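What follows is the residue order along each chain.
Number of protein chains: 2
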Amino acid sequence: MLVKEIGEFGLIDRIARLLPSLAPDVVTGIGDDVAVLRTSGPAYLLATCDIQVEGIHFIRNAITPYQLGKKAIAINISDIAAMGGQACWILVSLAIPGDTEVAFIEELYTGMREQAGLAGAAIVGGNVSRMESCMAIDVTVLGQIAPEHLVVRSTARVGDSILVTGFPGQSRAGLELIRRPEIKIDEEVRRTLLARHLTPQPRLRDGQLLARSGLVHAMIDVSDGLLADLGHICEASGTGAQVGADQLPRGEGVDETAGCAGADALSWITSGGEDYELLFTAAPESVPELREMLLRETGTSCSEIGKITGAGGAVRLVLADGKDAPVSSGSGWDHFAGKD
Amino acid sequence: MLVKEIGEFGLIDRIARLLPSLAPDVVTGIGDDVAVLRTSGPAYLLATCDIQVEGIHFIRNAITPYQLGKKAIAINISDIAAMGGQACWILVSLAIPGDTEVAFIEELYTGMREQAGLAGAAIVGGNVSRMESCMAIDVTVLGQIAPEHLVVRSTARVGDSILVTGFPGQSRAGLELIRRPEIKIDEEVRRTLLARHLTPQPRLRDGQLLARSGLVHAMIDVSDGLLADLGHICEASGTGAQVGADQLPRGEGVDETAGCAGADALSWITSGGEDYELLFTAAPESVPELREMLLRETGTSCSEIGKITGAGGAVRLVLADGKDAPVSSGSGWDHFAGKD
Chain P
1 MLVKEIGEFG LIDRIARLLP SLAPDVVTGI GDDVAVLRTS GPAYLLATCD IQVEGIHFIR
61 NAITPYQLGK KAIAINISDI AAMGGQACWI LVSLAIPGDT EVAFIEELYT GMREQAGLAG
121 AAIVGGNVSR MESCMAIDVT VLGQIAPEHL VVRSTARVGD SILVTGFPGQ SRAGLELIRR
181 PEIKIDEEVR RTLLARHLTP QPRLRDGQLL ARSGLVHAMI DVSDGLLADL GHICEASGTG
241 AQVGADQLPR GEGVDETAGC AGADALSWIT SGGEDYELLF TAAPESVPEL REMLLRETGT
301 SCSEIGKITG AGGAVRLVLA DGKDAPVSSG SGWDHFAGKD
Chain R
1001 MLVKEIGEFG LIDRIARLLP SLAPDVVTGI GDDVAVLRTS GPAYLLATCD IQVEGIHFIR
1061 NAITPYQLGK KAIAINISDI AAMGGQACWI LVSLAIPGDT EVAFIEELYT GMREQAGLAG
1121 AAIVGGNVSR MESCMAIDVT VLGQIAPEHL VVRSTARVGD SILVTGFPGQ SRAGLELIRR
1181 PEIKIDEEVR RTLLARHLTP QPRLRDGQLL ARSGLVHAMI DVSDGLLADL GHICEASGTG
1241 AQVGADQLPR GEGVDETAGC AGADALSWIT SGGEDYELLF TAAPESVPEL REMLLRETGT
1301 SCSEIGKITG AGGAVRLVLA DGKDAPVSSG SGWDHFAGKD
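Order-wise, the sequence lines are chains P and R.
Residues 1 to 340, numbered by my numbering, are exactly what the first sequence covers, in order.
Residues 1001 to 1340, numbered by my numbering, are exactly what the second sequence covers, in order.
Quick caveat, the hints were computed from the structure, so don't treat them as lab data.
Hints may contain errors.
Derived Cβ-Cβ restraints for the label pairs, each shown as a range [said to hold, decoys possible]: (1) 1055(R) with 289(P): 51 to 59 Å; (2) 324(P) with 1018(R): 47 to 55 Å; (3) 250(P) with 1132(R): 50 to 58 Å.
Residues from chain P that face chain R, not an exhaustive set, calculated with beta carbons under 8 Å [claimed, not checked]: (4) 14; (5) 19; (6) 29; (7) 56; (8) 59; (9) 60; (10) 62; (11) 96; (12) 126; (13) 129; (14) 131; (15) 215.
All of these numbers come straight from a predicted model, not from anything done at the bench.
For each residue, glycine too, the CB sits at the ideal point set by N, CA and C.
One chain only, chain P, in its complex shape (with noise of 0.2 Å):
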């Protein structure tokens, strides 16, 4: 049997039934984006990593090095902000082909300082190593967090709303932009598209809030795609969840580039990825409170977009008609499905 049979997930699954269950000092470990740990202090330690392989997650003339360096620790500063963490240490390990230009390598690491910079987080370490065929970047991103703060996907309750940051959907509509840039549309647009998708800026201080308010009972950020995360949470908190299309915000751009491009804009919103927003869920009475306080605090509009339900493990979309779009809690983005 070979991975790209089973998928991603699949395969995950089958490395977590290879390895020991939790140890006391784990609170929560593999099939989670962060490990939540127990360390000799009061603060929980967060640990999480992601890797962009070149060709895979990038392409050298598609981006900068210095946006390809923010994006590396951007994504992985969103998978603490889910958690409402404090993102601290970097380390980054680097597999690269000899002949790469150290220049690119000096613009990768300055994007790199300068987005750590902005979350207050430092590289302390990593590693350089040579690797012929293409580039890695692999970052493991350490923060903390102090354990009554602490807020995990697997903890949705059935009746709560589902809220999600920003506008899902510009990401994908810039990797269009990117892909096909005959496409005409106001250049201001473009530049915030474009920027979504290669230069995403993870809601960190939103998710520390939203965390410290007490309210949210599940966050996840959006890196798969919309309803693929939100899976995420239906899966791990033994829930369903029913998302209205027509409740869905539509970003500035998404219709217009989906519709120069004869795609489909619902698809881009639901399934897009690389949004790096978050989803999370709240009692309803808590929606007008949440919403008011991300606005005043940090300017981030948030969205209602539909309740979680009993049904467990199953993501439906309804339809402005009432009627169910076919997705499933699996949509998203599979490494090995190739799934887009």
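Since the structure of chain P is already known, use the hints to place chain R on it.
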């Protein structure tokens, strides 16, 4: 300018210059093998990562996936051992072609799990990603240590004795036997040498005992090569070192294999690398006590091989006839220079 023109250590120097100086919560950062970090608790957090790239660090038909898994974990735990720390948690970032056999990955993780278990550590997270050209395994090990037990590389003192555990060069001899299986040698010796290369065992307990003795001034593990790693101690400590060629331990099978291969056994011992032995310095009067302690507690033999000198940065290898062998502190493994 290309990366291969300035080499691994030249690149690390340039990266370090780009990054801000140490924050108050960082005890040691870029340039060391392990970052030492102040968390909310009394223990320091240790963090290190190292990648194994197919075609560079391993060849797929020369090592089983089980052995590869063990080695990927062991080489990182060795860095924790060299600080005297306890290995606790492990993240594994895996980049693999889609047509990799699932059974290969399961064997790989079985090896990782077992090696982690030997150290009392657990694999608690990571990620899997597609990479078409080759396979890469990046492992991050997190450890802990009481601040009073921490040993770093930068505190060697002039006049210190230099000691090394075990038998550097056996790993390099094992590599030769993989490359040239036609070399005739006693089968038990062959198995020992192959094991030294394919499944090195980090000296975790030895490192802890040495660190807790309070007698060790500086320590590092031998990964790049004995003299290169001694050079790292000297550079960080602002000292020099003098090693006596006839003081170096001659491990079983090293001279014989080098003889069959028409190679220089001394260069394998001093520069072969991947030994994962502990190289440390201590006052001459502490040497008998330290050697006896290791022999008694773990059965590890340990050789006194030279002295720390005042000659800033320079590492001399003195032959039996009193002449210097032509080596420099830069000798040893460099990913981009590819010296071996």
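Here's how the hints hold up against the structure:
1. Remark: the range hint 51 to 59 Å for residue 1055(R) to residue 289(P) is upheld by a beta-carbon distance near 55 Å.
2. As the Cβ distance of residue 324(P) to residue 1018(R) is approximately 52 Å, the hint placing it in 47 to 55 Å holds.
3. For the pair residue 250(P) and residue 1132(R), the supplied restraint of 50 to 58 Å is violated, since their beta-carbon distance comes to about 36 Å.
4. Annotation: interface hint on residue 14(P) holds; nearest CB of chain R at approximately 6 Å, less than 8 Å.
5. Taking 8 Å as the C-beta cut-off, the interface hint given for residue 19(P) holds, the closest approach to chain R being about 5 Å.
6. Hint on residue 29(P) holds. Least Cβ distance to chain R is approximately 4 Å, under the 8 Å limit.
7. At a threshold of 8 Å, the smallest CB-CB gap from residue 56(P) to chain R is about 5 Å, leaving the interface hint in force.
8. Hint status for residue 59(P): violated, given a least beta-carbon distance of 13 Å to chain R, over 8 Å.
9. Hint status for residue 60(P) relative to chain R: violated, with the closest Cβ pair at about 14 Å, above 8 Å.
10. At a threshold of 8 Å, the smallest CB-CB gap from residue 62(P) to chain R is about 18 Å, leaving the interface hint violated.
11. At about 6 Å, the closest approach between the beta carbon of residue 96(P) and any beta carbon in chain R falls short of 8 Å, and the interface hint on this residue holds.
12. At about 6 Å, the closest approach between the beta carbon of residue 126(P) and any beta carbon in chain R falls short of 8 Å, and the interface hint on this residue holds.
13. Hint on residue 129(P) holds. Least Cβ distance to chain R is approximately 5 Å, under the 8 Å limit.
14. The criterion of a C-beta within 8 Å of any C-beta in chain R is met by residue 131(P), whose closest approach is roughly 5 Å, and the hint holds.
15. About 25 Å separates the beta-carbon of residue 215(P) from the nearest beta-carbon of chain R, more than 8 Å, and the hint is not met.
When held up to the earlier numbered hints, the structure conflicts with 3, 8, 9, 10 and 15 and fits the remainder.
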